[in-house]
Amino acid sequence: MIVNPKNDGWEIFSHSTHGLLAGKIANEIQDKYKSKNWVATLAAIIEHDDRQLDFDEKNYLTKIGTPRDFLLENRNVTEIVKRSKRLLHQSEEKSSWISMLIAHHLRFIYNDIAKKKKTIADFLRELEKAESHYIKSQNLTEKEVDEVYQILVFADRCSLILCQNAIPAKNRLLEINKSISDKTFWIKQAESSNIQVKPWIFEKDNFTVNAEYKLLENNSFSNNKEFQRLLNESPIRFKNWKFSK
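Using this note's numbering, you'd call the opening residue of the sequence shown number 98 and step up by one each time.
Derived by calculation from the structure, the hints in this document are not laboratory data.
Among the hints, a few may not be true.
Claimed, not checked - Derived pair list, reagent style DSS-like, types lysine-lysine, alpha-carbon separation capped at 25 Å:
1. K212 <-> K179
2. K215 <-> K182
3. K215 <-> K179
4. K131 <-> K301
5. K131 <-> K339
6. K295 <-> K267
7. K295 <-> K131
8. K226 <-> K240
9. K213 <-> K226
10. K129 <-> K233
11. K339 <-> K301
12. K301 <-> K336
13. K301 <-> K133
14. K155 <-> K215
15. K213 <-> K182
16. K275 <-> K342
17. K342 <-> K295
18. K275 <-> K285
19. K191 <-> K121
20. K131 <-> K240
21. K295 <-> K339
22. K322 <-> K155
23. K131 <-> K280
24. K121 <-> K336
25. K295 <-> K129
26. K336 <-> K267
27. K226 <-> K214
28. K212 <-> K240
29. K301 <-> K280
30. K339 <-> K267
31. K213 <-> K155
32. K295 <-> K275
Unchecked claim - Label pairs and their computed distance ranges (CB to CB):
33. N337 <-> K182: 30 to 38 Å
34. I161 <-> K212: 29 to 37 Å
35. K133 <-> N315: 44 to 52 Å
36. N329 <-> P265: 32 to 40 Å
For each residue, glycine too, the CB sits at the ideal point set by N, CA and C.
Model the full structure from these sequences, guided by the hints.
Structure (structure tokens):
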């Protein structure tokens, strides 16, 4: 989960919500960048971070009882492999195209860890074989797959910046990443509060996206079960972002 400290409590976005926001952003890009199997690509973008929150598997509180942001989690090798296999199995039930992109994504994000952990390295080799099978079944090249994947990379990072409230103040630019068509993209908040992305890669000159979140007013929580209960009982809130060229 993505946790932002606020004056009135803790603002919490689930990773599934973050994934859905990434899908909404991706769906707004210019049609020329959309792949031939766009709906499946969109599903992969939406689901790439799914199945992250499981209160039976882990404690989501810090030592002082505050909600633990995903960047503060110490994920062990066993947990990474278990979660990744679950995510891949879920995608296989839908489409080999989705599985192909999920496998590509997992290989990308865990590549650095694989250099230090043999278990992860072995798992990524399994993923590479699986991805090659998916690519062959879709009659694609690795280059074509990576071009499609760059849309996920762009939308994922853009969504995360929004969910983390990470856009700088005073009209300053923040780099999103280098992704689609090998271009470097930047994001900023204009004086009008509208979000601007440079270079503009979207089909429309203006559009609005939103995401659900929870706001918990407690400073801390006694245990994981209390946190889960209050998180579930907390009313759903919506945050909107208007993008303009």
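How the hints compare with the structure:
{"no.": "1", "hint": "K212 <-> K179", "result": "holds (19 Å)"}
{"no.": "2", "hint": "K215 <-> K182", "result": "holds (17 Å)"}
{"no.": "3", "hint": "K215 <-> K179", "result": "holds (15 Å)"}
{"no.": "4", "hint": "K131 <-> K301", "result": "holds (14 Å)"}
{"no.": "5", "hint": "K131 <-> K339", "result": "holds (22 Å)"}
{"no.": "6", "hint": "K295 <-> K267", "result": "holds (17 Å)"}
{"no.": "7", "hint": "K295 <-> K131", "result": "holds (19 Å)"}
{"no.": "8", "hint": "K226 <-> K240", "result": "holds (16 Å)"}
{"no.": "9", "hint": "K213 <-> K226", "result": "holds (21 Å)"}
{"no.": "10", "hint": "K129 <-> K233", "result": "holds (24 Å)"}
{"no.": "11", "hint": "K339 <-> K301", "result": "holds (12 Å)"}
{"no.": "12", "hint": "K301 <-> K336", "result": "holds (21 Å)"}
{"no.": "13", "hint": "K301 <-> K133", "result": "holds (20 Å)"}
{"no.": "14", "hint": "K155 <-> K215", "result": "holds (24 Å)"}
{"no.": "15", "hint": "K213 <-> K182", "result": "holds (20 Å)"}
{"no.": "16", "hint": "K275 <-> K342", "result": "holds (19 Å)"}
{"no.": "17", "hint": "K342 <-> K295", "result": "holds (8 Å)"}
{"no.": "18", "hint": "K275 <-> K285", "result": "holds (16 Å)"}
{"no.": "19", "hint": "K191 <-> K121", "result": "holds (20 Å)"}
{"no.": "20", "hint": "K131 <-> K240", "result": "holds (15 Å)"}
{"no.": "21", "hint": "K295 <-> K339", "result": "holds (15 Å)"}
{"no.": "22", "hint": "K322 <-> K155", "result": "holds (11 Å)"}
{"no.": "23", "hint": "K131 <-> K280", "result": "holds (16 Å)"}
{"no.": "24", "hint": "K121 <-> K336", "result": "holds (13 Å)"}
{"no.": "25", "hint": "K295 <-> K129", "result": "holds (17 Å)"}
{"no.": "26", "hint": "K336 <-> K267", "result": "holds (21 Å)"}
{"no.": "27", "hint": "K226 <-> K214", "result": "holds (19 Å)"}
{"no.": "28", "hint": "K212 <-> K240", "result": "holds (24 Å)"}
{"no.": "29", "hint": "K301 <-> K280", "result": "holds (19 Å)"}
{"no.": "30", "hint": "K339 <-> K267", "result": "holds (17 Å)"}
{"no.": "31", "hint": "K213 <-> K155", "result": "holds (24 Å)"}
{"no.": "32", "hint": "K295 <-> K275", "result": "holds (12 Å)"}
{"no.": "33", "hint": "N337 <-> K182: 30 to 38 Å", "result": "holds (36 Å)"}
{"no.": "34", "hint": "I161 <-> K212: 29 to 37 Å", "result": "holds (33 Å)"}
{"no.": "35", "hint": "K133 <-> N315: 44 to 52 Å", "result": "holds (49 Å)"}
{"no.": "36", "hint": "N329 <-> P265: 32 to 40 Å", "result": "holds (34 Å)"}
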